[in-house]
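Participant: Chain R: place on chain G using the hints.
Taken in order, these protein sequences are the chains called G and R.
Position in the first sequence counted from 1, then plus 249, gives you my numbering.
Position in the second sequence counted from 1, then plus 119, gives you my numbering.
Every beta carbon over 10 Å from chain R, so not counted as near; a handful from chain G, in silico:
| id | residue |
| --- | --- |
| 1 | P269 |
| 2 | H297 |
| 3 | D329 |
| 4 | A383 |
| 5 | D421 |
| 6 | A450 |
| 7 | P479 |
| 8 | P491 |
| 9 | P502 |
Subject to a maximum C-alpha distance of 25 Å in a straight line, what follows is the list of computed DSS-like cross-link-like pairs (lysine-lysine):
| id | chain 1 | residue 1 | chain 2 | residue 2 |
| --- | --- | --- | --- | --- |
| 10 | R | K233 | R | K304 |
| 11 | G | K439 | G | K419 |
| 12 | R | K304 | G | K419 |
| 13 | R | K304 | G | K375 |
| 14 | R | K154 | R | K142 |
| 15 | G | K362 | G | K419 |
| 16 | G | K419 | G | K369 |
| 17 | R | K328 | R | K154 |
| 18 | G | K362 | G | K375 |
| 19 | G | K375 | G | K419 |
| 20 | R | K304 | G | K369 |
| 21 | G | K362 | R | K304 |
Calculated from the structure, these hints are not laboratory results.
Fair warning: this is a prediction, and the values are worked out from it, not measured in the lab.
Glycine is no exception: its CB is placed at the ideal position from the N, C-alpha and C atoms.
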Amino acid sequence: MIAADNAAAQARPAGLSARPVVAVRGVAKLFSNGTLALQNVDLDIGRHQFMSLLGPSGCGKSTLLRMIAGLGSASAGTIDWPEADHDAQGAALPRLSFVFQEPTLMPWATAIKNVMLPLKLAGVPKEERRARAAEALAMVGLGAFENAYPRELSGGMKMRVSIARGMVTKPDVLLMDEPFAALDEITRFKLNNDLLELWHASNFTVVFVTHSVFESVYLSQRIVVMAARPGRIIADLDTTAPYPRASDYRTSPLYNDHCRRASQALEVAMGHALGAH
Amino acid sequence: MAEAARPAITIGDDAPPVILQHKRVLGVSVATWPKILMPMAVGILALAGWELAVRLQGIPVYILPGPILIAKTMVADWGTLSGSLWITLSISLAALSAAVVLGVSLSVLFAQSKWVELSFFPYAVILQVTPIVAIAPLIIIWVNDVKLSLLICAWIVAFFPILSNTTLGLNSADHNLLNLFQLYKATRFQTLMNLRLPSALPYFLGGLKISGGLALIGAVVAEFVAGTGGSQSGLAYRILESGYQLRIPRMFAALFMISISGIVIFMCLSLLSHLTLRRWHESALKREN
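Bound conformation, chain G alone (with noise of 0.2 Å):
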């Protein structure tokens, strides 16, 4: 827990409010098969940030992901929302939303339809629903797709109308769950641009989970890496450049240290894994 601590203490990359969007704290998660999937995890996120959780499989990283976005409960911990609205109870009412590493789409609905639904289940009226809706799928290229089904999409377009609709509520956090891991290298560097152009443009949050240094180094700003059995934080990487980022930060001097600070870090963490056992 050192190197944890080490990194709580580091400065945090600058621009960012002193009270974090979110704010982990000792937070623990007991499977009932008894694996012990994270142990005492401290992360406070800033507004506005982008933050990669980079680590091997099964070091916790999607399980975070899902306690964060209040998908399963902590065994141990809290996970505070200081800046959210808090509803009678006090229960935190984070305006979150989450992205699957499948589109997760509803087959039965147009790509509309689908972008729709987060709008829908918030009862926001049907006209203003389609124009939001309809507004989100041009963000992401699709507006010409509004009445297509999912199967008549292509993998990537998929993946557009689930971050549409991810977009759609202008949330305040977007966690995204390896959401291009099941693309191919060039749809994935497409959408990487066309994630980090809407993150420029818009006010939100993202917290994206991957296991690709390349991938973590390109798009975020700071890097959270995780080690397996237990899963827990081992370093956190200030990985600051300037945007927009394009494709020739992949050949800069800058993204090559952080991949190599990136990459050193993730060693560690597959040693402490394979060093458990």
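Facilitator: Just chain R now, with coordinates in the frame of chain G:
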């Protein structure tokens, strides 16, 4: 079937699957014609062979009438037979409707709680595995109205596939979509209407196709047991009556009408299923390769 003309648009590297338009003759695509013509040819050949065998062997009419005589009988007795056909069909369709309403309502109830499902499902199975021939006499005794008792028998036979399939379908909603609904704080009712019921639709339609035929069989079997007479009788009674009177061509005509009804019911439900699912479900899609 009639695929809506959809322009194949492409953008950049994200090319959507191209949907080809097939050549059509009389509104049916060229590739589909053999599927219609081949079974018809087999049917015509079989009927011709039957007619020929009956004539050449000199088989008496009361043993096996030829198809031409059966067709003539059907036309001659159309007044009686069509009335009976209507009665059998109306009982079958009423039983099927009741099976849909009760089957879907019960499965929605089951989907609300695992405990409700665990407590009641075994009894639905018991209802299903008990032979309808064995309990039909009891139902006919208990229920005074004959038509209603026939309807109950047909319903018992028809209802289980719908209940079982719809229950399975309601529980088959994508887990990540369920998570998404939870994330957006959807109510139980919203999740049911927007996620569980649409997910269950293909399963329900599969059950409906089985139940359609079973409702007809249930109605016919129950009527055999009841053996009601008079003008208010269905096709099953016409078969019994013709047997007693040794009017074998009429018996075959009634039998033929039951078979045709079953086929028509199945085709209607298949069409309904295709039209409902054709835009999105794997079962209704052509493979790309």
